[in-house]
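Enquirer: Now for the letters of each chain:
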Amino acid sequence: MSIDAQSVLNETFVLNLGPQHPATHGVLRIKLTMDGEYIMDADPVIGYGHRMHEKMGENRTYAKFLPNTGRMDYVAALFNGHGYVGAVERLAGLVVPERAEYIRVITSELNRISSHLLWVGAFLVDLGGFTPLLYCFDDREQILDLLESVTGARLTFCYYRFGGVSNDIDDDFVAGTRKFIASLRSRMPMYDAFVTKNIIFRKRVEGLGAISAETCRKYGATGPVIRGSGVAYDVRKAEPYSVYSKFNFDVPVYTQCDCMARYLVRIAEMGESMRIIEQALDTLPAGPVMAEKVPRTLKPAKGDCYFNVESARGSFGVRVVSDGSENAYRLKLRSPCFSNMSLFRECSRGMLLPDALALLGSLDLVIPDIDR
Amino acid sequence: MITYIKEIVCGVYTLFVGMWITFIHMFRRRVTLNYPRQSLKMTPRYRGHIDLKRDEATGQPKCIVCMACQRACPSGCIKLDGAKAEGAPRKALTSYTLDFTTCSLCGLCVESCNFDALKFSKEYNLASMNKDDYRMDLLKRVLEKK
Amino acid sequence: MKTIPLKAKFNEIAVCVEAAPLVLETAHATKGIDLDVTVPAGRVVEAARIMDEAQFMIEAITGVDWMADKQLEIVYDFTHVDSGERVAIRARVPRDTPELPTISDIYPGANWHERETHDFFGIIFTGHPELIPLLLPEDARFHPLRKDFKA
Amino acid sequence: MSRDMIMDIVRLVLYVACLVGFAAFNAAYLSLLERKLPSWMQLRRGPTEVGPWGLLQPVADGLKLLSKQILIPQGADVLLFRLAPVMVAVPGILCLVTIPFSETIAARNFNLGLLMIFSFGAINVFAVMLGGWASNNKYSSIAAARVVAQNIAYEIPLLLVVISLVMSMHTFNLHTIVDQQAGGFWHWNILALKVSPMMPIAFLIYFTCMLAETNRAPFDMVEAESELVAGAFTEYSGMGFGLFFIAEYVNIIVGSCVGTILFLGGWDSPFGFLPGLHWFLLKMYALSFAVIWVRWSFPRTQFYGLLNLSWKILIPLALVNLVLTAIMLKLF
Numbered sequence: 000m001s002i003d004a005q006s007v008l009n010e011t012f013v014l015n016l017g018p019q020h021p022a023t024h025g026v027l028r029i030k031l032t033m034d035g036e037y038i039m040d041a042d043p044v045i046g047y048g049h050r051m052h053e054k055m056g057e058n059r060t061y062a063k064f065l066p067n068t069g070r071m072d073y074v075a076a077l078f079n080g081h082g083y084v085g086a087v088e089r090l091a092g093l094v095v096p097e098r099a100e101y102i103r104v105i106t107s108e109l110n111r112i113s114s115h116l117l118w119v120g121a122f123l124v125d126l127g128g129f130t131p132l133l134y135c136f137d138d139r140e141q142i143l144d145l146l147e148s149v150t151g152a153r154l155t156f157c158y159y160r161f162g163g164v165s166n167d168i169d170d171d172f173v174a175g176t177r178k179f180i181a182s183l184r185s186r187m188p189m190y191d192a193f194v195t196k197n198i199i200f201r202k203r204v205e206g207l208g209a210i211s212a213e214t215c216r217k218y219g220a221t222g223p224v225i226r227g228s229g230v231a232y233d234v235r236k237a238e239p240y241s242v243y244s245k246f247n248f249d250v251p252v253y254t255q256c257d258c259m260a261r262y263l264v265r266i267a268e269m270g271e272s273m274r275i276i277e278q279a280l281d282t283l284p285a286g287p288v289m290a291e292k293v294p295r296t297l298k299p300a301k302g303d304c305y306f307n308v309e310s311a312r313g314s315f316g317v318r319v320v321s322d323g324s325e326n327a328y329r330l331k332l333r334s335p336c337f338s339n340m341s342l343f344r345e346c347s348r349g350m351l352l353p354d355a356l357a358l359l360g361s362l363d364l365v366i367p368d369i370d371r
Numbered sequence: 000m001i002t003y004i005k006e007i008v009c010g011v012y013t014l015f016v017g018m019w020i021t022f023i024h025m026f027r028r029r030v031t032l033n034y035p036r037q038s039l040k041m042t043p044r045y046r047g048h049i050d051l052k053r054d055e056a057t058g059q060p061k062c063i064v065c066m067a068c069q070r071a072c073p074s075g076c077i078k079l080d081g082a083k084a085e086g087a088p089r090k091a092l093t094s095y096t097l098d099f100t101t102c103s104l105c106g107l108c109v110e111s112c113n114f115d116a117l118k119f120s121k122e123y124n125l126a127s128m129n130k131d132d133y134r135m136d137l138l139k140r141v142l143e144k145k
Numbered sequence: 000m001k002t003i004p005l006k007a008k009f010n011e012i013a014v015c016v017e018a019a020p021l022v023l024e025t026a027h028a029t030k031g032i033d034l035d036v037t038v039p040a041g042r043v044v045e046a047a048r049i050m051d052e053a054q055f056m057i058e059a060i061t062g063v064d065w066m067a068d069k070q071l072e073i074v075y076d077f078t079h080v081d082s083g084e085r086v087a088i089r090a091r092v093p094r095d096t097p098e099l100p101t102i103s104d105i106y107p108g109a110n111w112h113e114r115e116t117h118d119f120f121g122i123i124f125t126g127h128p129e130l131i132p133l134l135l136p137e138d139a140r141f142h143p144l145r146k147d148f149k150a
Numbered sequence: 000m001s002r003d004m005i006m007d008i009v010r011l012v013l014y015v016a017c018l019v020g021f022a023a024f025n026a027a028y029l030s031l032l033e034r035k036l037p038s039w040m041q042l043r044r045g046p047t048e049v050g051p052w053g054l055l056q057p058v059a060d061g062l063k064l065l066s067k068q069i070l071i072p073q074g075a076d077v078l079l080f081r082l083a084p085v086m087v088a089v090p091g092i093l094c095l096v097t098i099p100f101s102e103t104i105a106a107r108n109f110n111l112g113l114l115m116i117f118s119f120g121a122i123n124v125f126a127v128m129l130g131g132w133a134s135n136n137k138y139s140s141i142a143a144a145r146v147v148a149q150n151i152a153y154e155i156p157l158l159l160v161v162i163s164l165v166m167s168m169h170t171f172n173l174h175t176i177v178d179q180q181a182g183g184f185w186h187w188n189i190l191a192l193k194v195s196p197m198m199p200i201a202f203l204i205y206f207t208c209m210l211a212e213t214n215r216a217p218f219d220m221v222e223a224e225s226e227l228v229a230g231a232f233t234e235y236s237g238m239g240f241g242l243f244f245i246a247e248y249v250n251i252i253v254g255s256c257v258g259t260i261l262f263l264g265g266w267d268s269p270f271g272f273l274p275g276l277h278w279f280l281l282k283m284y285a286l287s288f289a290v291i292w293v294r295w296s297f298p299r300t301q302f303y304g305l306l307n308l309s310w311k312i313l314i315p316l317a318l319v320n321l322v323l324t325a326i327m328l329k330l331f
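Residue numbers (numbering that gives the first Met the number 0), protein chains in the order written: chain A, 0 to 371; chain B, 0 to 145; chain C, 0 to 150; chain D, 0 to 331.
Bear in mind the hints are in silico, worked out from the structure with no lab data behind them. Honestly, I wouldn't trust all of these hints.
[What the hints assert, rightly or not] For lysine-lysine, the following BS3-like pairs were computed, each having C-alpha atoms within a straight-line distance of at most 25 Å: (1) B:Lys40 <-> B:Lys78; (2) B:Lys61 <-> B:Lys118; (3) C:Lys149 <-> A:Lys298; (4) C:Lys30 <-> C:Lys6; (5) D:Lys311 <-> A:Lys202; (6) B:Lys90 <-> B:Lys139; (7) C:Lys69 <-> A:Lys236; (8) B:Lys52 <-> B:Lys121; (9) B:Lys78 <-> B:Lys118; (10) A:Lys301 <-> C:Lys8; (11) D:Lys311 <-> B:Lys5; (12) D:Lys137 <-> A:Lys30; (13) A:Lys245 <-> C:Lys30; (14) A:Lys217 <-> C:Lys6; (15) C:Lys6 <-> A:Lys54; (16) C:Lys8 <-> A:Lys298; (17) A:Lys298 <-> C:Lys30; (18) C:Lys69 <-> A:Lys301; (19) A:Lys202 <-> B:Lys5; (20) C:Lys8 <-> A:Lys217; (21) C:Lys69 <-> A:Lys54; (22) C:Lys146 <-> A:Lys298; (23) C:Lys30 <-> A:Lys292; (24) B:Lys61 <-> B:Lys144; (25) D:Lys311 <-> A:Lys196; (26) A:Lys54 <-> C:Lys146.
Between the sequences and the hints, there should be enough to build the whole structure, so can you do that?
Expert: Right under this line is the structure:
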């Protein structure tokens, strides 16, 4: 459905999509140069929710930055926490007890499922179908209940600590998680019939919004976006952090490069996450959940390091530069949404407005994560 | 021609399946609560705003004014002060205020407390038109609460 | 290992300290990167081209303000999508005249990362198509991540 | 003037007043159904606070809309901007004039009733287009362009299906059309396989076109809240928006009435006894229910998907149906 930009008369107008628009999921503004309903140029204007988390990271001690991590990608807050504590632990040479790593994996994967469920719903809302959102919320609510019972919060978890996690999980949580997995498994055929197979949905997203693997590489797009383009890049496999190397799971890859592929990747990932959680629950070791001798104020030695986690949206990286003091000298937060968003301009050129919004939806953007 | 008809038939079938799914959901259990007439009880670990714990033997707060929570707070919303009375073995709390407007409910203060003097309140219906309602005098709360 | 053949290429362009090029193999487990290269600021484009030829993906561009050294450091992070290996390319520019060439024509994704770094540090990427504030307000003339900026 | 004529006028005025009341009442309670039904489908509760089970919610909504200021955007064409909501609401109500609700309840028994409904129905498109254009809003302008293309595409299969029926029934008179279907559900046009074996499909085509003509999901390209904010209605506030809202439901009612009359035998009882108003209302509300049900089950179609559906599927099928009807009429 693309048209050659040169072939049309130069009768364009500028459409200001956002900062408040139902399809932008937050304060994202896109300056669209349109020819009729065709997009000639899309210039995302970001930064409305910019809070300078990186400066905050320099101004406060390592531990005091922990609550900030949940406020960037608030839909999948645990990954940000994981990336941050992982980087600091790597820099400070802290060894995390195995049980804590298992708990991190379990809670992270639960968070991944909840994030993907929310995405499925929100994507369908972008496409004009409202009901799947509520079904997804119904399932997601159970995850939030589980995570609330262990972390104490429903969205901004702030659960991981340097050297472990703040609370141990109990049997109720384990039983609840198993029950939830069983219930979500039984719901998946419903989603399949209701959304995936739906002819309107398929006609809308199949072949739409092609992003080639090369584009992903050039723009640094990661997560389901690159896996929907046929590249099996998953940080959990490529550089196994935490205890992911102990689990048996696949990286779902679809080669169609379209919105449907990205959708299918996320659906398949939920299944893989459930597999990981089940394995982790089966082999959950006993022991402490906090490393011993973690100093109250952490002062890592001079140096820098990089730590990457596979967030629900892609590769979330943290670079910590320490000068030996109790504050980080520099804290770089590499957010997956930032890179995923940056390819929108190139890929949306020549698309119709609703198609471009479907593409925008399929990138799974959390605007505060872009703006940081 | 056959694929054309087949596509139409399959497509229409998926639409009917979709309608059937929404139809049967009409007879499922409602998952929402009729808030505010019904509301949920918070889980034991729910991180509400903080509250001081009371020493049941003396009726006084357990806090020993070590200031750890004030130091741990990322947003600087805890202010406490203590004074040592004549002959008392240790400092006693004279004021403890929580500025809930800047609190981010991270719970680092509770974790930093080595004397089990802080807990999370399970209150969550905290809405007010007045900002001053959120400058909470926790000392007063703990002494008043029976 | 994808990084071994790269090492030779980087040896040619890297900054030398006492005749030894600053191309360090680092342990992934402790540093998070496999190859740590420091190049002169003028040669980041060559370095980016090497990365591009080796099919690396751009991950991030980080600025660091070394105020004591009167220098700004720019770190380019690259990842290989198959092997997961990481290469960090560092360059330093003087703090008063922070200029280095853009790599956004090699990696279009660097466009935003460079704009972001320009916002925060005031580093000028010469040849960049639209070096205007991205995350900061349009009229921002300050660079908040410089160490002498007081929030 | 003769006494009969005066009586006739009085009767008509009374009837129109009743119809306006009927339309307003239906619009109000369909809007409540539009909120209640999806809430049940989505495991929610819907409005519960105003009145018992939220039954007074439409009243509250109406009062709220009435109390709002009607804002006119800068640069808007004031006359057209104000006229469009009226133009969209009136034809819908006028269409109801010809609808025979039962053997005896009908405002006017026109011989060309069916034609009148379709011609008034077309004004709706015009009004939405004008409203969207007059708003001086880019989203509204896009919606205005969409509504025209969409309705032109869907008028054709709609009329093709209706023509095949008119061919077999030899009349445009709605009353006669119902009379010809009397005597049990096997006489209804939806199952009139001896008229054309494709009649059930023709009904589906009619239903689809009705959704598209009333701009209902999954063909709500005009409103398209996730793309065009609120499409043609973006700039409307207060009762200006309210009238568009009412018109939407009145159009659903009209569409359902026509569907009931054309395909489901009007007031005819499915088992051949006790025909009357209650059967008509039952069928009509069942169709309206289905319209709302469809809206909350599917995502929105894409614009080219919509046109593809019309030109590649519905129009060929409707044509085949027309040809089949002609052949069957000739043969039997």
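Enquirer: Is lysine 8 (chain C) close enough to lysine 298 (chain A), meaning Cα to Cα at most 25 Å?
Expert: violated (37 Å)
Enquirer: Is it true that the CA of lysine 61 (chain B) sits at most 25 Å from the CA of lysine 144 (chain B)?
Expert: Since the Cα atoms of lysine 61 (chain B) and lysine 144 (chain B) sit roughly 14 Å apart, the hinted pair holds (cutoff 25 Å).
Enquirer: Holds or violated: are the alpha carbons of lysine 90 (chain B) and lysine 139 (chain B) at most 25 Å from each other?
Expert: holds (17 Å)
Enquirer: Is the Cα-Cα distance between lysine 137 (chain D) and lysine 30 (chain A) 25 Å or less?
Expert: holds (13 Å)
Enquirer: Need the status of pair lysine 245 (chain A), lysine 30 (chain C): alpha-carbon distance at most 25 Å?
Expert: Holds, because 22 Å separates the two Cα atoms, which is no more than 25 Å.
Enquirer: Holds or violated: lysine 311 (chain D) and lysine 5 (chain B), Cα atoms, limit 25 Å.
Expert: holds (14 Å)
Enquirer: Do the alpha carbons of lysine 30 (chain C) and lysine 292 (chain A) lie within 25 Å of each other, as the hint requires?
Expert: This hinted pair holds, its Cα atoms lying about 22 Å apart.
Enquirer: Holds or violated: lysine 40 (chain B) with lysine 78 (chain B), Cα cutoff 25 Å?
Expert: violated (29 Å)
Enquirer: Does the alpha-carbon distance linking lysine 30 (chain C) and lysine 6 (chain C) stay inside the 25 Å limit?
Expert: holds (18 Å)
Enquirer: Against the 25 Å threshold, does the CA-CA distance of lysine 202 (chain A) and lysine 5 (chain B) hold or violate the hint?
Expert: Within the cut-off at roughly 15 Å; holds.
Enquirer: Verify the proposed pairing of lysine 78 (chain B) with lysine 118 (chain B), using a straight-line Cα cut of 25 Å.
Expert: Roughly 16 Å separates the two Cα atoms, so the pair holds.
Enquirer: Does the alpha-carbon distance linking lysine 69 (chain C) and lysine 301 (chain A) stay inside the 25 Å limit?
Expert: With a Cα-Cα distance of about 18 Å, the restraint between lysine 69 (chain C) and lysine 301 (chain A) holds, given a limit of 25 Å.
When held up to the earlier numbered hints, the structure conflicts with 1, 7, 10, 15, 16 and fits the remainder.
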